[in-house]
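Trainee: Residue numbers (the numbering used here), protein chains in the order written: chain A, 234 to 1005; chain B, 948 to 1207.
By construction, these hints were calculated from the structure, which means they are not laboratory data.
The beta carbon of each residue, even a glycine, is placed where N, CA and C say it ideally should be.
One should not assume that every hint holds.
[As the list claims (entries may be wrong)] Restraint-style ranges between C-beta atoms, simulated for each label pair:
#1 Glu517(A) to Thr985(B): 21 to 29 Å
#2 Asp1207(B) to Asn899(A): 57 to 65 Å
#3 His991(B) to Glu517(A): 16 to 24 Å
#4 Gln1095(B) to Thr531(A): 36 to 44 Å
[Unchecked claim] Partner residues are not named here, just some residues of chain B that face chain A (Cβ under 7 Å, in silico):
#5 Arg1070
#6 Asp1080
#7 Ala1162
#8 Phe1166
[Stated by the list, open to error] Not close to chain A: a few residues of chain B, all C-beta gaps over 10 Å, as computed:
#9 Gln974
#10 Val1040
#11 Asp1073
#12 Thr1087
#13 Thr1164
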Amino acid sequence: MQHRLKAWLLVLILGNTGLFAQTQLSIQVFSGQSQAPLQGVLVSLPREGLLDTTSASGKVAFANLAPGHYHLHVEKEGFKARDFDLLFPEENQLTLTLLPSFIELSEVVVEESFSRRSQQKSSLTVQNRSASLQDQISANSLGESLEDLPGVSALNTGVGVAKPVIRGFMGNRVSVLDQGIKQEGQQWGQDHGLEIDPFQAQRMELVKGPQSLQYGSDATGGVLNILPNKLPKPGLSGELTTLYRSNNTTLGGSGQLQYRKQDWFVRARLSAQRYRDFRVPAEEFTYNGFVLPITNNTLKNTAGQLLSYRFEVGQQKEGYSSRYLFSQYRQQLGLYPGATGIPRAFDVGTIGSTSNLALPNQAVNHTKLYTRQNFRLGGHWLQINAGYQFNNRAENSLPHNHGFEELDSSQTLALGLQLHTLTLNADYSWHQGQVEFTTGLNQQYKRNNRDGFEYLIPSFATYNGGVFLLAENVKAQKWNWNAGLRLDYGSINSAASFTRWWNDIDSLVLRSPALNRQFFNYSAAAGISFVPAERWNFKANLAKSFRLPVVAELASNGVHHGTFRHEQGQAGLKAEEGLQLDLAATFQQPRFLATFTPFANYFFNYIFLRPSGRFSNLPDAGQLYRYDESAVFQTGAELYLDWHFWRKLHWSNGVEYLFNHNVETNLPLPFTPPFSNLMQLNWEEEHWRLGASWRFTAAQNRTDRNEDATPAYHLFHLKAGYDFKLGQQAFTLQASCTNLFNTAYLKHLSRYRILNLPEQGRNFNIALKATF
Amino acid sequence: MKMKKYWALPLLALAFVACTDEDDEVQDTVKPQINKVTINEKDHDIQVTSGTEMHIDAELSDNEELRELKIDIHDVFDGHEHGKKAEWEQVMVIPLSGKTQDLHEHVDVPASATAGAYHAVFRVLDAEGNEGDFVELNFTLVNGNEPQFNISSPNLANHLDYAPGDTIFLVGTVTDDKDLEEVKVKIEEKHEGHDHHKKAEAALFEEEIELTGNADTSFDLSNFTIALPASAPLGEYEIKIEAIDSDGNYGIVKGELHLD
């Protein structure tokens, strides 16, 4: 009460001096612990692009606001972030308290995602990530940099190619959104990595659990949401980072320049990297009873290069904001020769030059052109995003390795896939009393053309469209609920595909029948987040999700090089539908956080590859595998503990476990991430940081048919960072050592595991960043 | 206390999980096996003649039920491109049954097949789709048109003895009815016996000579200076001399070499 009186007095005094009394939103923030006003609290209206910091009396004001609904973020380091909805000018004053917390996870609120809420109010666990320099350099790719989050893994193909795996779900069961647009890069392919430069993805949000409601098909396992970068500060600014990794002699860097003048800003980033064959702590590997050499501990032909650039232009006004983005990601990397045929001693024995990128190799070019347009209409925001993507993939190898004797060795395109995607999304929110409704529309059109002397999938065109309605209560303190419904339509079309038979150049054989499928689906979800007392939070989310089959599952008919499997689609497969339950229990004190997140999923018709018990008639091809569907049950949990036990020392431990079962085959699913425990100890001072981590990964003995079990292993990593200034110039030096003891280990989720090839050995990473 | 009853929520989820009945039937994930396989009754140093029948004998077994055997036959010319290619390539899938089966197959080797190094890869499946380890047998295909060797010294049929630092003097010629393109000599460490152990490091000695004429019908092997490095590790080696003609036929001779 006292606070309100003081606030009123101040407003009266201020109001007499100002002309803005009626169009001003006044906020005052107090510490929930000491009851004193809090200075330096960042109060923002993200949608409007307005932000300010509280004064010594804990106050901040926003003037010249149009009437309507506003969403407010209140954040300060060392305190738990909060968010508020208010209707202005009916509510033009806000007094609030912040509770102290040293747990970084709770210090941030994220606006651009669909949750738009603090962690506490969301019914699913949302993990925010502001990628630090350490995150960007310690892992070889964006997918792998997320592996330290509990429940998240990555399926990698050597170094440089990795796809995120959330609770065992990958490929088309995980949606990756870049600025709100779903990334389409033939992600059904096991060795197709995520085509996003880690230096570009500075703010991310990872949601574990189904988000079919908001994002449609493919979001059954979870969503990785790469958020737009924050607005640059006025004037010219930028940064330059250079990077070196010892294990594969990576030399790289990334530079960004940005300029802001009033409403407008422009930003450009360029990243480049070149690396050589990577080194492993083994001299030989055993495959099919053969012992083959790993000469000089180096895996032949695993060198690569990456070039990525992005231009961005944007405008932020009071009732309108826009962004325009153009980016390209160009990557070429070698594939270990033994991985695309029977490994031959003469192929893998002599390395030659370690920087040479020879055959077989993979190349991907991903081009994006996007725009986001936000308009304030009727007191609320209408958000539209539209984009075009072109994903051009090529897998190159020598033709006569696969039975195409008459082809000239200069024709090396084995498989070419050119995918064009057009996306258009729109959403609008409005309020009705305590409830905020959001309605949205998503549309996507894809067209793929195939090329190359090998055949795997046909050319195709698909269309997906969905509408959804989401409701959540926004004013509640103890009970937050949300519920929604979504309807989707999808169509998949491809013409009948003919190719020649391998040993008959004049023949024409039907490889894939014509496809003309239409799908209608619904998704629904309901969730609650209950805060019985300030320290506790319980969440429950029940969702009915779906996933459209991808063309590979319906119409593929060819050999997947490296696994020798001949994969064949089944044209009549139904869309996957599942019931997913996610729970969470969180206990939080200022210095301690514990969060337990169990889940259970049941899929009525999970699509999987089933061994047929028959061989393929193609040369050098092994068994024929057919896509089939079955009921699948999956459950597991993560437990995460975070304890700031002494001033700057911070200990955390994340445990993850997953169990799945395919009812038809009565076996586990392949590539199930094993039980894992990651313990970290960090010491953070103002200008320097030290960290050590220990990851224990248990053996994975729950394997699918024809999948090998993988033994347990321990990995240790160290990291250190130092911020300093030379004159006016600010620098950060970051160094880390991954796989400190050069442990030889097999990773269950690795494309090269099938050859019993160990993962990368000890690696020293060092980066220097200059910010101006 | 309100808080306590909500503890049950996560536990309920686990209970739901634990109570789902799992089929107790144990799945057969035991791989079938290729216990023995021979071509023309040999499993090493196999020579096959074009225009004849190749005899394949295989002994297979599984714990439950065998389903299929696949035989892939093709060349393993090491990526070199010479002249026209008429390399023979064949794919066969043979149905199997029972827990054990002894197979005898005849494969017609085409008369026009290019001579050289080939391999046959044998793969086996059982009824459940379990994939056994594959077996690879290497053989040399001859058709009479490939380069022919006439070496008087050293006698490659004998076990040759040399010491590190020695020079091997090849006395002899390689001839072809059309045109020789390339002749190669390679000395590599030899693996023990004919088991699955196949290990290869960088060759001890390797030299290639290309013949650029259009009608090189003869080549003097003394053009090779085979100097064994003084630092060569002692042990068993294999010397292989290959000649390729303009039709892509490979003529191959091998010998065993002992360094001490």
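Trainee: Once the closest CB in chain A is found, is it more than 10 Å from Val1040(B)?
Mentor: Violated, because the least Cβ-Cβ distance between Val1040(B) and chain A comes to about 5 Å, which does not exceed 10 Å.
Trainee: Would the least Cβ to Cβ distance between Asp1073(B) and chain A come out above 10 Å?
Mentor: For Asp1073(B), whose nearest Cβ neighbour in chain A is about 7 Å away, the distance does not exceed 10 Å, so it is violated.
Trainee: Checking the smallest CB distance to chain A, is Gln974(B) really beyond 10 Å?
Mentor: violated (5 Å)
Trainee: Under the criterion of a CB-CB separation shorter than 7 Å, is Ala1162(B) in contact with chain A as hinted?
Mentor: Since the shortest Cβ distance to chain A is 25 Å, the answer is violated.
Trainee: Holds or violated: is the Cβ of Arg1070(B) closer than 7 Å to a Cβ in chain A?
Mentor: This interface hint holds because 6 Å falls under the 7 Å limit.
Trainee: Return the status of the interface hint for Asp1080(B): holds when the least beta-carbon distance to chain A is below 7 Å, violated otherwise.
Mentor: holds (5 Å)
Trainee: Measuring from beta carbon to beta carbon, are His991(B) and Glu517(A) in 16 to 24 Å?
Mentor: holds (22 Å)
Trainee: Thr1164(B) clear of chain A by more than 10 Å, beta carbon to beta carbon?
Mentor: holds (27 Å)
Trainee: Is the hint on Phe1166(B) kept, meaning its closest Cβ partner in chain A is under 7 Å away?
Mentor: violated (24 Å)
Trainee: Falls inside 36 to 44 Å, the C-beta gap from Gln1095(B) to Thr531(A)?
Mentor: holds (40 Å)
Trainee: Is the nearest CB of chain A more than 10 Å from the CB of Thr1087(B)?
Mentor: Since the minimum Cβ distance to chain A is about 16 Å, Thr1087(B) lies beyond 10 Å and the statement holds.
Trainee: Using the Cβ atoms, figure out if Glu517(A) sits within 21 to 29 Å of Thr985(B).
Mentor: holds (28 Å)
Checked against the numbered hints given earlier, this structure breaks hints 7, 8, 9, 10 and 11; the rest are met.
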